[in-house]
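J.: Sequence:
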Amino acid sequence: MYPDMSVRENVWIAAYRARGGNPFAFWRQATSFPEAGQWADACLSRLGLSEIADVSVKELSYGDQRLLELSVTLACAPQIILLDEPTAGLSRKETERVKRVIMSLKGEFSIIMIEHNVGIVMDLSDRITVMNRGVVVAQGSPDDIRGNRDVQEAYFRS
1095 MYPDMSVREN
1105 VWIAAYRARG
1115 GNPFAFWRQA
1125 TSFPEAGQWA
1135 DACLSRLGLS
1145 EIADVSVKEL
1155 SYGDQRLLEL
1165 SVTLACAPQI
1175 ILLDEPTAGL
1185 SRKETERVKR
1195 VIMSLKGEFS
1205 IIMIEHNVGI
1215 VMDLSDRITV
1225 MNRGVVVAQG
1235 SPDDIRGNRD
1245 VQEAYFRS
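Just so we're aligned, residue 1095 is where the sequence shown starts under the numbering used here, counting upward by one.
What the hints contain is simulated information worked out from the structure, not anything from laboratory work.
Derived DEER-like restraints, expressed as beta-carbon distance ranges:
#1 1230 - 1179: 17 to 23 Å
#2 1159 - 1208: 17 to 23 Å
#3 1144 - 1197: 15 to 21 Å
#4 1099 - 1246: 45 to 51 Å
#5 1203 - 1230: 20 to 26 Å
#6 1225 - 1185: 23 to 29 Å
#7 1153 - 1237: 41 to 47 Å
#8 1211 - 1251: 15 to 21 Å
#9 1202 - 1225: 22 to 28 Å
#10 1243 - 1208: 19 to 25 Å
#11 1145 - 1203: 20 to 26 Å
Cut-off 25 Å, straight-line C-alpha distance, at most; resulting in silico cross-link-like pairs (DSS-like, lysine-lysine):
#12 1187 - 1200
#13 1152 - 1193
#14 1152 - 1187
Note that beta-carbon positions come from the ideal geometry of N, C-alpha and C, so glycine has one too.
Could you build the full structure based on these sequences and the hints that come with them?
T.: What follows is the structure, given as C-alpha coordinates:
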(Lines of atoms letter the chains of each structure in order from A and count residues from 1; the text may use other names and numbers.)
(Lines give C-alpha, C1' and ligand atoms only; values in the text may rest on other atoms or scores of the structure.)
Protein backbone atom coordinates (compact mmCIF):
# COMPACT_ATOMS: atom_id res chain seq x y z
CA MET A 1 0.00 0.00 0.00
CA TYR A 2 1.07 3.54 -0.65
CA PRO A 3 0.41 5.36 2.65
CA ASP A 4 0.42 8.89 1.24
CA MET A 5 -2.16 8.04 -1.40
CA SER A 6 -5.90 7.65 -0.95
CA VAL A 7 -7.71 4.36 -0.62
CA ARG A 8 -9.19 4.81 -4.12
CA GLU A 9 -5.80 5.63 -5.65
CA ASN A 10 -4.30 2.45 -4.20
CA VAL A 11 -7.05 0.30 -5.67
CA TRP A 12 -7.01 2.26 -8.94
CA ILE A 13 -3.33 1.39 -9.47
CA ALA A 14 -4.09 -2.33 -9.12
CA ALA A 15 -7.14 -2.07 -11.39
CA TYR A 16 -5.14 -0.16 -14.00
CA ARG A 17 -2.35 -2.75 -14.08
CA ALA A 18 -4.80 -5.67 -14.15
CA ARG A 19 -6.56 -4.11 -17.12
CA GLY A 20 -3.36 -3.95 -19.16
CA GLY A 21 -2.42 -0.38 -18.31
CA ASN A 22 0.90 0.83 -19.66
CA PRO A 23 3.35 1.57 -16.81
CA PHE A 24 5.18 4.01 -19.09
CA ALA A 25 2.12 6.15 -19.83
CA PHE A 26 3.05 8.48 -16.98
CA TRP A 27 2.33 11.59 -19.04
CA ARG A 28 -1.42 10.88 -19.11
CA GLN A 29 -3.84 11.75 -16.33
CA ALA A 30 -5.47 8.95 -14.37
CA THR A 31 -8.89 10.24 -15.44
CA SER A 32 -8.07 9.21 -19.00
CA PHE A 33 -8.48 5.56 -17.90
CA PRO A 34 -12.16 5.47 -16.83
CA GLU A 35 -12.38 1.66 -16.86
CA ALA A 36 -9.75 1.40 -14.12
CA GLY A 37 -11.62 3.96 -12.04
CA GLN A 38 -14.93 2.16 -12.46
CA TRP A 39 -13.38 -1.19 -11.54
CA ALA A 40 -11.63 0.33 -8.50
CA ASP A 41 -14.89 1.89 -7.30
CA ALA A 42 -16.69 -1.44 -7.73
CA CYS A 43 -14.05 -3.20 -5.61
CA LEU A 44 -14.28 -0.53 -2.91
CA SER A 45 -18.06 -0.77 -2.88
CA ARG A 46 -18.00 -4.54 -2.63
CA LEU A 47 -15.83 -4.41 0.48
CA GLY A 48 -17.67 -1.51 2.09
CA LEU A 49 -14.84 0.98 1.64
CA SER A 50 -16.59 3.56 -0.57
CA GLU A 51 -17.16 5.95 2.33
CA ILE A 52 -13.42 6.16 3.00
CA ALA A 53 -12.28 6.10 -0.64
CA ASP A 54 -10.74 9.58 -0.43
CA VAL A 55 -9.02 9.03 2.92
CA SER A 56 -5.24 8.70 3.00
CA VAL A 57 -4.12 5.15 3.73
CA LYS A 58 -1.95 6.32 6.62
CA GLU A 59 -5.13 7.48 8.40
CA LEU A 60 -6.87 4.08 8.25
CA SER A 61 -7.46 1.72 11.13
CA TYR A 62 -5.64 -1.60 10.92
CA GLY A 63 -8.91 -3.36 10.05
CA ASP A 64 -9.59 -0.96 7.18
CA GLN A 65 -6.02 -1.51 5.94
CA ARG A 66 -6.67 -5.27 5.83
CA LEU A 67 -9.84 -4.69 3.83
CA LEU A 68 -7.94 -2.35 1.53
CA GLU A 69 -5.42 -5.13 0.90
CA LEU A 70 -8.31 -7.38 -0.10
CA SER A 71 -9.75 -4.67 -2.33
CA VAL A 72 -6.40 -4.26 -4.09
CA THR A 73 -6.32 -8.03 -4.53
CA LEU A 74 -9.81 -8.06 -6.06
CA ALA A 75 -8.86 -5.19 -8.37
CA CYS A 76 -6.20 -7.50 -9.84
CA ALA A 77 -8.92 -9.93 -10.99
CA PRO A 78 -7.45 -13.02 -9.30
CA GLN A 79 -8.56 -16.60 -9.70
CA ILE A 80 -7.05 -17.65 -6.39
CA ILE A 81 -6.78 -15.51 -3.27
CA LEU A 82 -3.99 -16.28 -0.81
CA LEU A 83 -4.53 -14.95 2.70
CA ASP A 84 -1.86 -15.00 5.38
CA GLU A 85 -3.47 -14.57 8.80
CA PRO A 86 -6.13 -12.13 7.60
CA THR A 87 -7.47 -11.50 11.11
CA ALA A 88 -4.17 -11.26 13.01
CA GLY A 89 -4.01 -8.18 15.22
CA LEU A 90 -7.64 -7.20 14.65
CA SER A 91 -10.23 -6.37 17.29
CA ARG A 92 -13.24 -8.67 17.64
CA LYS A 93 -15.40 -6.22 15.65
CA GLU A 94 -12.80 -5.90 12.86
CA THR A 95 -12.33 -9.68 12.81
CA GLU A 96 -16.05 -10.19 12.26
CA ARG A 97 -16.04 -7.63 9.46
CA VAL A 98 -13.10 -9.29 7.67
CA LYS A 99 -14.69 -12.69 8.24
CA ARG A 100 -17.94 -11.54 6.57
CA VAL A 101 -15.98 -10.22 3.58
CA ILE A 102 -14.04 -13.47 3.18
CA MET A 103 -17.28 -15.43 3.45
CA SER A 104 -18.77 -13.28 0.66
CA LEU A 105 -15.85 -14.22 -1.61
CA LYS A 106 -16.32 -17.98 -1.17
CA GLY A 107 -17.70 -19.69 -4.23
CA GLU A 108 -16.41 -16.98 -6.55
CA PHE A 109 -12.73 -17.48 -5.80
CA SER A 110 -10.54 -20.31 -4.59
CA ILE A 111 -9.22 -19.10 -1.25
CA ILE A 112 -6.15 -20.50 0.47
CA MET A 113 -5.75 -19.17 3.98
CA ILE A 114 -3.14 -19.55 6.68
CA GLU A 115 -4.75 -18.68 9.99
CA HIS A 116 -3.97 -19.51 13.60
CA ASN A 117 -7.38 -18.48 14.96
CA VAL A 118 -9.07 -21.90 15.09
CA GLY A 119 -12.55 -20.38 15.31
CA ILE A 120 -12.02 -18.40 12.11
CA VAL A 121 -10.64 -21.48 10.35
CA MET A 122 -13.63 -23.59 11.40
CA ASP A 123 -16.16 -20.89 10.43
CA LEU A 124 -14.70 -20.11 7.00
CA SER A 125 -13.24 -23.35 5.70
CA ASP A 126 -14.76 -26.09 3.61
CA ARG A 127 -11.56 -28.12 3.74
CA ILE A 128 -8.73 -27.82 6.27
CA THR A 129 -5.15 -29.05 6.28
CA VAL A 130 -3.54 -29.05 9.72
CA MET A 131 0.23 -29.01 9.97
CA ASN A 132 2.48 -29.42 12.96
CA ARG A 133 6.19 -28.67 12.63
CA GLY A 134 6.00 -28.85 8.84
CA VAL A 135 4.19 -32.19 8.71
CA VAL A 136 0.57 -32.65 7.66
CA VAL A 137 -1.31 -34.01 10.68
CA ALA A 138 -4.82 -34.11 9.23
CA GLN A 139 -6.98 -33.05 6.29
CA GLY A 140 -10.72 -32.84 5.99
CA SER A 141 -13.87 -30.89 6.76
CA PRO A 142 -14.15 -28.78 9.91
CA ASP A 143 -16.09 -31.65 11.54
CA ASP A 144 -13.34 -34.12 10.59
CA ILE A 145 -10.70 -31.85 12.09
CA ARG A 146 -12.65 -31.15 15.31
CA GLY A 147 -12.74 -34.84 16.14
CA ASN A 148 -9.25 -35.76 14.96
CA ARG A 149 -7.09 -37.17 17.79
CA ASP A 150 -3.82 -36.25 16.07
CA VAL A 151 -4.92 -32.61 15.85
CA GLN A 152 -6.06 -32.60 19.47
CA GLU A 153 -2.76 -34.14 20.55
CA ALA A 154 -0.67 -31.66 18.52
CA TYR A 155 -2.55 -28.51 19.47
CA PHE A 156 -4.68 -29.04 22.53
CA ARG A 157 -2.72 -31.34 24.82
CA SER A 158 -2.06 -30.12 28.33
